[in-house]
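Residue numbers (our numbering), protein chains in the order written: chain A, 550 to 698; chain B, 768 to 1150.
It is possible that some hints are incorrect.
To be verified - The list that follows gives simulated cross-link-like pairs (lysine to any residue, SDA-like), each with its CA atoms no further than 20 Å apart:
id: 1; chain 1: A; residue 1: K638; chain 2: B; residue 2: E897
id: 2; chain 1: A; residue 1: K654; chain 2: B; residue 2: V1012
id: 3; chain 1: A; residue 1: K638; chain 2: B; residue 2: F821
id: 4; chain 1: A; residue 1: K638; chain 2: B; residue 2: Q1039
id: 5; chain 1: B; residue 1: K949; chain 2: B; residue 2: S959
id: 6; chain 1: A; residue 1: K638; chain 2: B; residue 2: K949
id: 7; chain 1: B; residue 1: K1066; chain 2: B; residue 2: Q1039
id: 8; chain 1: A; residue 1: K638; chain 2: B; residue 2: E885
id: 9; chain 1: B; residue 1: K949; chain 2: B; residue 2: E1121
id: 10; chain 1: A; residue 1: K654; chain 2: A; residue 2: P621
id: 11; chain 1: A; residue 1: K638; chain 2: B; residue 2: S959
id: 12; chain 1: A; residue 1: K638; chain 2: B; residue 2: R896
FYI, nobody ran anything at the bench for these hints, they're computed from the structure.
Listed below are the residues making up each chain.
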Amino acid sequence: MVEAKAERRVPYLLDFYPLQGEEHTRIHPFFQHLQEGRLTTTRCTACGEVLWQPRVVCPHCNADEMEWVDLPQVGEIFAFTSVQAGAPKGMEEDLPFVVGIVTLKGTDMQILARIEGDEESLEIGQPVRVTVERLADGRVWFRFRTVEA
Amino acid sequence: MVGTGLTHWGVRKATLKELAQEAGKALFDDVDNLPKAEVDSLFVGTALAERLAFQSYVAPMVAEQLGIHPTRMLARTELACVSGQLAMKMAYMAIATGLSDIAAVVGVEKMNLPDMAETQASLAAILDREWEGVAGMTAPPYFAMVAQRHMYEYGTTREQLGLVSVKNHRFSATNPYAHFPKEVSLDQVLNSPMVSTPLRLLDSSGITDGAAAVMLAGEDRAREFTDTPVYIEGAGQAATGNLTVNLPSLTEWPHMRRAVRDALSMAGVTIQDMDLAEVHDCFSISEIIEYEELGLAEKGKGGQFIEEGQSEIGGQLPMNTRGGLLGCGHPLGATGVAQVVEVVQQFTGQVPQERYVGGTWALTHNLSGNANNHSVLVLHRDS
Ligand SMILES: [Zn+2]
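For reference, chain A alone in the conformation it holds in the complex (with noise of 0.2 Å):
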């Protein structure tokens, strides 16, 4: 688990995070299963296709009928960078940070986030596990840490 460095300050149409409740987002599952450790998608009930990121619609096929199944919590870096400068407001304080790509494990899927790690020793291929992040107002987020192969 990473806990947010400080509780940010920002206005909402500064506030990157989404808003997470029921009634807020037709998604909010996704938040709940986020808020017990467990990273989740949606999948068509209809093509059985796996759609990142969560959705209502189906782009394949149309349908609206979507199940929650788990992802794989750990994969491999697919790209990274470790950014310097130039961090958008609400997030000064947390450079110089690693955003990355991750290809989770035994699928084609990638999904980017944080990666939490020693940057100097981070490569591409490296192996890595989801971990939440808590904001201090309670909304929750996800970023990657790495760990031993």
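Chain A is already provided as a structure; the job is to place chain B with the ligand on it using the hints.
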């Protein structure tokens, strides 16, 4: 095209509205025998006015600044970095369909704010803000990962990336309108501050304020205003959705290949017929991949192409003679229009000798977002 106008680009002590006025003045000074009342349409390309100037409904605001009263079409185009070229294309469509006889195009962006982190937040919202911007993704981290993969897959070198910046700054040094009118050495590029590994400050286009404008008229009226009209002969665009992880590849841009192919084939020419090109060098790596997707370098050999000087004047195809985005800066909505301005000024001999190519055929290319969208124009002047 029958006339052009540019403002000075840079960290300007001027508002969005004032930049629009300056571009309008430059344009109407250039087409000085065209009464404003004859301009029946206005297309305004601007990407982030809502966030960076707290101003919506931008097209009428620009009409107010220019003192024109459109009687046929008035529209604002927003497609991030392609906003300006899209405004050009809309004006072309309006004229081609007979909806307009004379149309003005203004591309404008005010990007430098008292708090740069607010600008960066707005730029992050060009990517999918909820799923990718939230991780701190903006353009530099995206293109940094593209560079990392291109180096990993094809062995492209740090020096090859740097040579793009050296070339484009050599051109921008001849351009008094550029944000960075100064040559840089390879050493300076390789030692400039790191932005997002492996890309450094001099691999990156600037955060720039500026505007550019073009006047279009139908073929039947163009010669009333100039002896050397430049025509849009081809247009192409191809795109996919905006989620980075759902792109077909980081290092191959098939949508660029498609847009280039369609624009050239519409004009009935090939890439070998081009005398110059303005391509979207938002980062040094972008131009290297563009050599490949234009079909001029084999996949993975873009680095070699710049090393051999093939995109210099005298090479296979001179590119970004105005200085590119690296040398001129990148006021999002203005860039696509300014590229066309450079072509018109090249064709009509209005550029300094150091970067003069002339010619009669040119291609301009813009990409936007995470290179998920590419747009191309093919321009021609009668010889
Ligand atoms: Zn489906």
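Problem set entry | Pair hint outcome, K1066 of chain B versus Q1039 of chain B [Cα-Cα no greater than 20 Å] | It holds: about 18 Å lies between the C-alpha atoms, which stays within 20 Å.
Exercise. Is K949 of chain B close enough to E1121 of chain B, meaning Cα to Cα at most 20 Å?
Worked result: At roughly 14 Å apart (the allowed maximum being 20 Å), E1121 of chain B and K949 of chain B satisfy the hint.
Exercise. Is K638 of chain A close enough to K949 of chain B, meaning Cα to Cα at most 20 Å?
Worked result: violated (31 Å)
For this session: Compare the distance between the alpha carbons of K638 of chain A and E885 of chain B with 20 Å, and conclude whether the hinted pair is satisfied.
Result: With Cα atoms ~5 Å apart, K638 of chain A and E885 of chain B stay inside 20 Å; holds.
For this session: Could you grab the alpha-carbon distance between K638 of chain A and E897 of chain B and see if it respects the 20 Å cut-off?
Result: holds (15 Å)
Problem set entry | Hint consistency between K949 of chain B and S959 of chain B [alpha-carbon to alpha-carbon, up to 20 Å] | holds (15 Å)
Exercise. Is it true that the CA of K638 of chain A sits at most 20 Å from the CA of F821 of chain B?
Worked result: holds (16 Å)
Problem set entry | Agreement of K638 of chain A and Q1039 of chain B with the hint, judged by alpha carbon distance not exceeding 20 Å | violated (46 Å)
Problem set entry | Distance restraint between K638 of chain A and R896 of chain B, which requires alpha-carbon spacing of 20 Å or less | holds (13 Å)
Exercise. Between K654 of chain A and V1012 of chain B, does the CA-CA distance stay at or below 20 Å?
Worked result: holds (15 Å)
For this session: Decide if the proposed pair is consistent with the structure: K638 of chain A and S959 of chain B, CA atoms, cutoff 20 Å inclusive.
Result: The given pair, whose Cα atoms are some 24 Å apart, is violated under the 20 Å limit.
Problem set entry | Holds or violated: K654 of chain A to P621 of chain A, with C-alpha atoms at most 20 Å apart | holds (6 Å)
Checked against the numbered hints given earlier, the structure breaks hints 4, 6 and 11 and satisfies all the rest.
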